[in-house]
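Residues per chain, in single letters:
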Amino acid sequence: MSPRAFTFREILRDSVVLLLAGIAVGLVANGISPRGLSLRRDYFAGLNRPGAGHATSESRAASFARAPAVASESTGINAARRVRLAARGIDLADHARAVELFRDGDYVAGRIVFIDARDDVHFKAGHIRGAWQLDHYRLEQHLTEILGACAIAERIVVYCNGGECEDSELAANDLLQFGVPATKLLVYAGGITEWTSQGMPIETGSRASGQSLP
Amino acid sequence: MNRPVPSRGWVRRASRFVLGALFVYFGLAKALDPAGFLKLLRQFDLLPGPFALNLTAAVLPWCEMLCGAALVFGLRVQAAALAVLVMLASFTIAVTVRAWSIYQTGPLSFCAIHFDCGCGSGEVVICVKLLQNTALAALAGLVVAGSTESRGDDPT
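The listed protein sequences correspond, in order, to chains A and B.
Under our numbering, the first sequence has 88 at position 88, and the numbering climbs by one with no breaks.
Under our numbering, the second sequence has 350 at position 136, and the numbering climbs by one with no breaks.
Just so you know, the hints here were simulated from the structure itself, not pulled from any lab data.
Being a predicted model, the structure only gives us computed values, none of them experimental.
C-beta: ideal position from N, C-alpha, C; glycine also.
There may be inaccurate statements among the hints.
Stated by the list, open to error - Where chain A lies over chain B, by a calculated footprint (3+ residues, C-beta under 8 Å):
| no. | stretch |
| --- | --- |
| 1 | 243-251 |
| 2 | 272-286 |
| 3 | 294-307 |
Claimed, not checked - Sample of chain A residues lacking proximity to chain B, with all beta carbon distances greater than 12 Å (derived):
| no. | residue |
| --- | --- |
| 4 | 103 |
| 5 | 105 |
| 6 | 107 |
| 7 | 108 |
| 8 | 109 |
| 9 | 202 |
| 10 | 210 |
The following block holds chain B by itself, in its conformation from the complex (with noise of 0.2 Å):
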């Protein structure tokens, strides 16, 4: 039986705190302003059709702001930080074809290429992007991991 290590607890809770937060302010941003996300989600060019576009600025936001919430508020954490994990995972590979393909179209170097990716934090740097999604991606790998909330709810 998994037992909490009492001395990983609160990196748990800081790190679900911290992803919920962050997860919360960029679905955010996305949902106050859809059309604005539509735009930048068409530049990634890898979805088929309007409908599928549109559906996926109207709702991925939301997604976003409701695993946040529950992150936050200590509801299906485990669910929720996986949930996050996906997307994070989703959305590394999408920014990295995109850097790719705009890398292999000229001179620059892959890291001096930088863009809003409709991430929800404006225009970055390429790279600077891919280590903030790893160390994001670290973070749902360990709530993911943690096994002491019971039922998946930790309100602490």
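Only chain A is shown next, with the shape it has when bound in the complex (with noise of 0.2 Å):
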């Protein structure tokens, strides 16, 4: 039988299913998934609001750069979020005052509490040594300990990988949410990548594994 040639409406038809297809599959696949994300949730809520202090176009445009000046870039970046922070309470911590926290004998007593916000990956690859894990895309996970811990510490540093990262910021709105005050919380810009480019011991693997670099 000599093959048969499809008609463009066949094709477009054609197409249409397998999409639908596709996301008939993403759909069952978000569901079971751990990684899923919840389709009605506004994950970056405290982003968003209007007036709130969005990171200004030309902020992001410095980023975009291929050869931008880095101070300037992080000037931008950080004038924004301490504007959008501000708005809620909460001071931006620089790399100084993140490391004087980390040595302050309350870090070890738990009066002093590091929260890494990024995912699994990251986390394992290296965290500040005794940070706790708080995932804003997968809050369940963590939250119950965190808040335990939140209870206790009279500060909390909460930071991602710096930069452009919003994650430690959208952590430090998901503990206010729950009622962590305000006056607690520091957002630590620089991060991790700042932190260890600055020779700041990390910790890889799991909270308290042990496993130090340098």
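Two chains, each in its own frame: build the complex with the hints.
Okay, here's the thing in structure tokens:
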């Protein structure tokens, strides 16, 4: 039997069927995967609010240039972030402040807490020694233990990758939503990138794994 | 009646394999990290509201993978290639609009702009991305234009 050519109408119909099948498979996969998204949740609620100090187009543009001035890039991003956080009563912490808190005796006692707002893969690859993990996109994973630690803590430092990363800000907003006072919260804008670049120690694997770098 | 052109048969097969494999790879990269894809998708600021954003992040990678797999395995290849062509056109418009908005805010030349477009290939220079998409669209067009497959299936 000789091959039959498809009409464009048939091709179009089959394309639509393929895409609908993709949507159906995607919905099922999203529903059963532990990494699945909650379709109705506004993951960026704290960042989208009008007047909340969204990152300016200039600050975003700076980070897209191939060779931008790094200082002006981070300054622009942090200025926008500072405005958004200040609207909620949360302060930004610079590297010196983060190091000071890390070295404070209260850190070991649990009165200072570091929270890593990145996902499992990044957390296990290396986090600030003793930090807890709070992934904004999988809140249910660690929230109970985090809230317990936050109840005892007097200072809570939340960080992510640094630079354009907004996960620390989103995680800080989550903690606010769950009743952690804004006065306890600090967002370390430099994040793990600045931490490691300054030669500060990190821990790999799970929290308190004892596997430290360098 | 359209008959296969033997000398072009292997080009078409190679095109669908390359295109299919790339779409499976790009789709898989996104499907394995839906939150990461969601964050990148949000930066385009094109979708109206959280539901549309979340839904797109959840299902688009699977549409890419399904169409890619259909191309690789030779099932409904013209339909899959057409779907890929439509997706490529949409992605190209989206990255161009975003790059243009960045271009307008600063002194950078258009081709100096680079960002992670959420395409599954990491950070890209916009002009390189546009060339890549044009090349992939040409491959998809070649497969769509082919009419040698019985009922659109081409297991060879």
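These are the hints, each one checked on the structure:
no., hint, result
1, 243-251, "holds (count 6)"
2, 272-286, "holds (count 11)"
3, 294-307, "holds (count 4)"
4, 103, "holds, 32 Å"
5, 105, "holds, 36 Å"
6, 107, "holds, 29 Å"
7, 108, "holds, 32 Å"
8, 109, "holds, 33 Å"
9, 202, "holds, 21 Å"
10, 210, "holds, 28 Å"
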